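*Asks:* Let the hints inform the model, and build the full structure from the sequences given.
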Amino acid sequence: AGYPLLCALLAAVRPRRVAAAPITPRVSLLIAAYNEVACIGQTVRNKLALDYPPELLEIVVVSDGSTDGTDEAVAAIAAGEPRVRLLRQEPRAGKTSALNLAFAQVTGEIIVFSDANSLYAPDSLRHLMEPFADPAVGYATGRMLYRARDGSLTGEGCSAYMRYENALRGLETKVGSVVGVDGGIDAVRADLYTVMRADQQPDFVLPLSVVARGRRVVYAPGARVYEASLSETKAEFRMRTRVALRAWHALRDMAGLLDPTRHGLFSWQLFSHKWLRYLAPVFQVVALLSNLALAGRDDVWDALLGLQGAFYLLAAFGFLGLRLPSPLSFPYYLCLLNAAAGNALLRFLAGERQVIWTPRT
Numbered sequence: 001a002g003y004p005l006l007c008a009l010l011a012a013v014r015p016r017r018v019a020a021a022p023i024t025p026r027v028s029l030l031i032a033a034y035n036e037v038a039c040i041g042q043t044v045r046n047k048l049a050l051d052y053p054p055e056l057l058e059i060v061v062v063s064d065g066s067t068d069g070t071d072e073a074v075a076a077i078a079a080g081e082p083r084v085r086l087l088r089q090e091p092r093a094g095k096t097s098a099l100n101l102a103f104a105q106v107t108g109e110i111i112v113f114s115d116a117n118s119l120y121a122p123d124s125l126r127h128l129m130e131p132f133a134d135p136a137v138g139y140a141t142g143r144m145l146y147r148a149r150d151g152s153l154t155g156e157g158c159s160a161y162m163r164y165e166n167a168l169r170g171l172e173t174k175v176g177s178v179v180g181v182d183g184g185i186d187a188v189r190a191d192l193y194t195v196m197r198a199d200q201q202p203d204f205v206l207p208l209s210v211v212a213r214g215r216r217v218v219y220a221p222g223a224r225v226y227e228a229s230l231s232e233t234k235a236e237f238r239m240r241t242r243v244a245l246r247a248w249h250a251l252r253d254m255a256g257l258l259d260p261t262r263h264g265l266f267s268w269q270l271f272s273h274k275w276l277r278y279l280a281p282v283f284q285v286v287a288l289l290s291n292l293a294l295a296g297r298d299d300v301w302d303a304l305l306g307l308q309g310a311f312y313l314l315a316a317f318g319f320l321g322l323r324l325p326s327p328l329s330f331p332y333y334l335c336l337l338n339a340a341a342g343n344a345l346l347r348f349l350a351g352e353r354q355v356i357w358t359p360r361t
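Under the working numbering, think of the first position of the sequence shown as 1, with each following residue one higher.
Bear in mind the hints are in silico, worked out from the structure with no lab data behind them. Misleading hints may appear alongside valid ones.
[Said to hold, decoys possible] What follows is a set of in silico ranges between Cβ atoms, one per label pair, in the way DEER data are often shown:
(1) Ala8 x Leu307: 43 to 53 Å
(2) Asp68 x Ala235: 10 to 20 Å
(3) Leu328 x Leu279: 21 to 31 Å
(4) Thr24 x Leu292: 30 to 40 Å
(5) Ala21 x Thr67: 38 to 48 Å
(6) Leu346 x Ala316: 16 to 26 Å
[Unchecked claim] For lysine to any residue, the following SDA-like pairs were computed, each having C-alpha atoms within a straight-line distance of at most 20 Å:
(7) Lys234 x Pro135
(8) Lys174 x Cys335
(9) Lys174 x Ala12
(10) Lys174 x Pro135
(11) Lys174 x Leu265
(12) Lys234 x Cys335
Being a predicted model, the structure only gives us computed values, none of them experimental. Even for Gly, the Cβ is constructed at its ideal location relative to N, Cα and C.
*Replies:* Okay, structure coming up:
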């Protein structure tokens with residue numbers, strides 16, 4: 001809670017505004033897909049139906065060695081729609097390499113990134129372009145809205161966590177730059193795109209590189225994207241572990257941004273929002289062990305241990321599949337997030353990298 005509160009205070013004292021305005025630059029929208037035949041057709045048609053000048057939008061789908069009919073589904077749409085192009089990456093090399101491949105062949109002033117299952121609101125692209133009217137802005141990200149259709153605890157927790165992240169991005173924009181973006185709806189000026197290594201996380205390394213080059217990364221809440229949240233604990237754990245593992249490598253690659261003499265307030269933002277966030281499982285374990293060591297010495301420590309015990313009991317109910325009202329189910333999702341972050345930290349320290357993965361698993 002401390003970081004959001006400090007951001008809110010700074011935003012109130014010295015807000016930085018974005019000179020946003022309605023503009024319609026030429027846009028290249030990139031989608032990397034691996035075995036996404038179940039959703040890729042709907043996603044491409046969703047982008048074709050956006051409220052944006054048709055002559056200023058091209059859609060490039062890169063099939064990363066797909067074997068399930070993804071290529072055929074996209075090709076069928078491209079046959080009757082000149083704005084859609086299909087590229088194939090062979091052999092399979094991962095999302096980052098797919099985006100690098102597509103970037104080399106597009107013509108847009110602004111590059112937009114979409115996941116293969118991301119559905120945009122009709123006016124999302126217009127809202128995503130508005131911040132680029134400000135020459136200080138180099139990168140923009142939209143608002144992710146997860147749909148937990150099955151009412152699962154994992155889905156509800158994911159939705160609540162995303163609401164927190166969206167609120168934080170709004171505050172960070174008022175402070176200066178957003179630290180983390182959502183790869184399902186974000187955009188960068190083409191002249192600021194940096195070709196990345198295959199193991200780098202594009203929706204983390206790329207915006208950080210934009211900040212390193214002196215431009216802002218901002219939040220455009222009107223640019224809404226919808227995705228179905230994962231409902232199974234194991235699937236969410238694997239996804240969060242993958243994201244955190246790739247984030248640790250990105251944090252190491254971009255460690256220069258922690259220098260406050262060069263990057264000022266953003267170095268504090270990066271340390272608070274990402275370094276401390278991914279170290280949370282370490283703090284969580286230390287808090288519990290130290291509290292156990294202090295038990296019986298004073299009523300204060302006993303009370304705190306009781307609160308921690310209640311917290312973990314609520315989390316255990318969630319892991320056992322027992323349903324609780326939404327606020328009481330949050331300890332479960334927080335423990336799931338931190339367990340994944342702890343797993344990723346151990347794998348990072350062991351030197352592990354992850355380039356490819358099976359989507360939605």
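*Asks:* Each hint should be assessed against the structure and marked as holding or not.
*Replies:* Going through the hints against the structure:
Separated by about 25 Å at the C-beta atoms, Ala8 and Leu307 break the suggested range of 43 to 53 Å. A C-beta distance of roughly 18 Å is found between Asp68 and Ala235, which places it inside the suggested range of 10 to 20 Å. Leu328 and Leu279 have their C-beta atoms about 26 Å apart, which keeps the hinted 21 to 31 Å range intact. The hinted window of 30 to 40 Å between Thr24 and Leu292 is violated, with their beta carbons roughly 60 Å apart.
The given range of 38 to 48 Å is respected by Ala21 and Thr67, whose C-beta atoms sit roughly 45 Å from each other. Between Leu346 and Ala316 the beta carbons are some 22 Å apart, a value that agrees with the proposed interval 16 to 26 Å. A hinted pair counts as satisfied when its Cα atoms are at most 20 Å apart, and Lys234 with Pro135 does not qualify at roughly 43 Å. Between Lys174 and Cys335, the direct Cα distance comes to roughly 30 Å. Violation of the 20 Å bound is thereby established for this hinted pair.
A hinted pair counts as satisfied when its Cα atoms are at most 20 Å apart, and Lys174 with Ala12 qualifies at roughly 9 Å. Pair hint Lys174 plus Pro135 holds up; C-alpha atoms about 16 Å apart against a cutoff of 20 Å. With a CA separation close to 12 Å, the supplied pair Lys174 and Leu265 stays within the 20 Å bound. A C-alpha spacing of about 13 Å is found between Lys234 and Cys335, which places the hinted pair at or below 20 Å, so the restraint holds.
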